[in-house]
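Undergrad: Chain by chain, the residues:
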Amino acid sequence: MAGHPSVGWIDIIVILVYLSATAYLGWLGYRGTRSAADFLVGGRSAHPVVMAVSYGATFISTAAIVGFGGVAGLFGMSLLWLTVLNIGVGILIAFIVLGEPTRRLGHRLGAHTFPELLGQRYQSRGIQVFAGALIFLFMPLYAAAVMTGGSVFAAAQFGIEFEVALLIFALITAAYVIPGGIKAVMYTDTMQGFVMIFAMIFLLVFTYMALGGVTEAHRELTDMSDLVPPPLADLGHRGWTAMPAFGWGASTYDLWWTVITALVLGVGIGVLAQPQLVVRFMTVRSRRELDRGVPIGAFFILLMVGTPFVVGSLSNAWFARHGPLLHGEVIEVISAETGRARVGLMQEVAPERWTPLLHPRTGGPVVVPMVVADRQPAQDIEGRSFERVTGRSIVATYTGGDADRIIPTYITAALPRWFGVIFFLALLAAAMSTMSSQFHTIGTAAGRDLYESVARGGRRREPSILVMRLAIMLGLLLAVTISYTIRQEYVVARFTAIFFGLCAASFLPAYIGGLFSRRVTRAGALASMSVGMSLSLFWLAFIKEREASAIGLVQRITGGQNSLLADVPNWPAVDPIIIALPASLITLVVVSAFTKPPGAEHLRRCFPDSTGTGRAAAPGQGRSD
Amino acid sequence: MLGIDDPYVVAAYLGSIAMTLTGLLYGLIRRNASPDAVTIEDRLWALEEREAGRDL
Numbered sequence: 001m002a003g004h005p006s007v008g009w010i011d012i013i014v015i016l017v018y019l020s021a022t023a024y025l026g027w028l029g030y031r032g033t034r035s036a037a038d039f040l041v042g043g044r045s046a047h048p049v050v051m052a053v054s055y056g057a058t059f060i061s062t063a064a065i066v067g068f069g070g071v072a073g074l075f076g077m078s079l080l081w082l083t084v085l086n087i088g089v090g091i092l093i094a095f096i097v098l099g100e101p102t103r104r105l106g107h108r109l110g111a112h113t114f115p116e117l118l119g120q121r122y123q124s125r126g127i128q129v130f131a132g133a134l135i136f137l138f139m140p141l142y143a144a145a146v147m148t149g150g151s152v153f154a155a156a157q158f159g160i161e162f163e164v165a166l167l168i169f170a171l172i173t174a175a176y177v178i179p180g181g182i183k184a185v186m187y188t189d190t191m192q193g194f195v196m197i198f199a200m201i202f203l204l205v206f207t208y209m210a211l212g213g214v215t216e217a218h219r220e221l222t223d224m225s226d227l228v229p230p231p232l233a234d235l236g237h238r239g240w241t242a243m244p245a246f247g248w249g250a251s252t253y254d255l256w257w258t259v260i261t262a263l264v265l266g267v268g269i270g271v272l273a274q275p276q277l278v279v280r281f282m283t284v285r286s287r288r289e290l291d292r293g294v295p296i297g298a299f300f301i302l303l304m305v306g307t308p309f310v311v312g313s314l315s316n317a318w319f320a321r322h323g324p325l326l327h328g329e330v331i332e333v334i335s336a337e338t339g340r341a342r343v344g345l346m347q348e349v350a351p352e353r354w355t356p357l358l359h360p361r362t363g364g365p366v367v368v369p370m371v372v373a374d375r376q377p378a379q380d381i382e383g384r385s386f387e388r389v390t391g392r393s394i395v396a397t398y399t400g401g402d403a404d405r406i407i408p409t410y411i412t413a414a415l416p417r418w419f420g421v422i423f424f425l426a427l428l429a430a431a432m433s434t435m436s437s438q439f440h441t442i443g444t445a446a447g448r449d450l451y452e453s454v455a456r457g458g459r460r461r462e463p464s465i466l467v468m469r470l471a472i473m474l475g476l477l478l479a480v481t482i483s484y485t486i487r488q489e490y491v492v493a494r495f496t497a498i499f500f501g502l503c504a505a506s507f508l509p510a511y512i513g514g515l516f517s518r519r520v521t522r523a524g525a526l527a528s529m530s531v532g533m534s535l536s537l538f539w540l541a542f543i544k545e546r547e548a549s550a551i552g553l554v555q556r557i558t559g560g561q562n563s564l565l566a567d568v569p570n571w572p573a574v575d576p577i578i579i580a581l582p583a584s585l586i587t588l589v590v591v592s593a594f595t596k597p598p599g600a601e602h603l604r605r606c607f608p609d610s611t612g613t614g615r616a617a618a619p620g621q622g623r624s625d
Numbered sequence: 001m002l003g004i005d006d007p008y009v010v011a012a013y014l015g016s017i018a019m020t021l022t023g024l025l026y027g028l029i030r031r032n033a034s035p036d037a038v039t040i041e042d043r044l045w046a047l048e049e050r051e052a053g054r055d056l
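Quick note, the sequences are listed as chains A and B, same order. All letters in the first sequence, in the order written, are residues 1 to 625 by the working numbering. All letters in the second sequence, in the order written, are residues 1 to 56 by the working numbering.
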């Protein structure tokens, strides 16, 4: 509806130059000592900027920028609580509290993957296989979210079909991850991180300047609360600079429970148990390196997450002021004083002849909130006279209500074309740095944690390269299929939230218990992981309305309802993490209390304290199942 | 404040900045506070990791 979509030669050249630079840095990484492990072997230290930006680039993807930025465009700045958690939990707690114990435990036990860390800690091959299988099965969902986010933007920026953009994105990803780029090279990640930093700073400054400054921009958005579409207002939306209505027992509180439990808590807490991020701590040289990474990591996340949330929300003010003009007939006056109304959109089908615009899905008229700028007498297609109003609307009107298209639509409509190409590169960078870790994790989960543990009976050997490569290709294929098949409301953010929540409920208690407690037992950890995963999947399939209705099982059981708790307000909006994580934690504590604690020798190996011990037994030893 | 009437959203907006400043402050204070020694087990781990990466 807006913008300047097309692919020019300059676009192609700039993108190719960028990809060449990425490939060159990756090649350098393989020739020299550029990976985190290389630094460690050489006894040297990566610069803290390199370490932190590399971590941040793995953390942040198109899912955060396009997916969650778009959700902020729809639901508003309440999403900024996720920024608070992303920095407070994802950087401060992760680096300061969990980073060093993870690094030390991983090195002592010789663990190289997250499932291996859990398996070695609890002396259980079953736990390693469990964690590996969960990652292998569900990580493609998160990868699909990242891929969809990038493809949606490419489609809007270059004026191509989503399917074509997805194919191109998948080919670029395959070219990057399959031949050898799957092992993160810190300098490549860092270059990608700096492209992202530049893009976000420019985007934030441009948006505030275009709307007259920080306070003015916020004030304008605050004053637009009467433009919230009725379907969102019915869920508790009170404006883009206000929290959704909070309470329990009525559907008017559903939005609060969706935003806070699924998007803020699910992702904000779930980051602690992300396998590809936990492994990063093991590649760090020392506690000092972690400490030095904290400020850069915090600043990076503030820019990468805070900017899209603020800009996504403010895009409503930009479109209401500068967006393309729309035409229609007033259905309901919102405010005569400010010239705001709900308008049935119309299109001109013949000179001076207008007909209502119909919704492609419902077939009914498209009614949108509008800031009316002009009124003219006109006639419809049947010759009936009416007052045609012209004006602008909120961003969701221009994307057909699709949150995933909000950031792309804003960039193409509001910002200079050259920035669109830079932003695409930033998204490509965000996607590649995240996906390289995702697919590496999928590969090691299949090769090291599943194949070696099950097929090889746990005997220590070189990782099966063929299984890893096949798993990566299978994961890529699965992610592309999911991206191609499922295009629903804010699917990018939802897929991300599902995976993060599932990881939190399944892994977090066992992971943190394993780092800090000597009393947590193997049975406790396995029970906790089983309960966390089972409850999460049950809740997604049968209770959480949006996901349950898409899966379809609950409709067969109930004869058409979208949730087992469809008649009880708010429960169908609550995220599984609210139920599954506490249940997983309680299970860990209770089962551990009634089962035999780990042996003293193993505990000394895990927690040698200040006395220190030599290297742990070779990985694979000491397991009893 | 800042053109935003809802105190919870203002708190989130400023809280994000406060978290970042906390991180900056922590990094400054702890810059050289922890030891920076690489142990034998660290090196052994890194050697294995590098071999696995090369195989891949």
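For the record, the hints were derived by calculation from the structure and aren't laboratory data. Take these hints with a grain of salt, some might be off.
[Claimed, not checked] Covered by chain B, per the in silico footprint, the following chain A stretches (three or more residues, Cβ under 8 angstroms): (1) 85-98; (2) 102-113; (3) 472-483.
No experiment lies behind these values; they were computed from the predicted model shown. Glycine residues also receive a C-beta, built at the ideal position from the N, C-alpha and C atoms.
Undergrad: Would you mind marking each hint as holding or not holding in the structure?
TA: Hint-by-hint comparison with the structure:
1. 85-98: holds (count 5)
2. 102-113: holds (count 5)
3. 472-483: With 0 residues close enough to chain B, the hint is violated.
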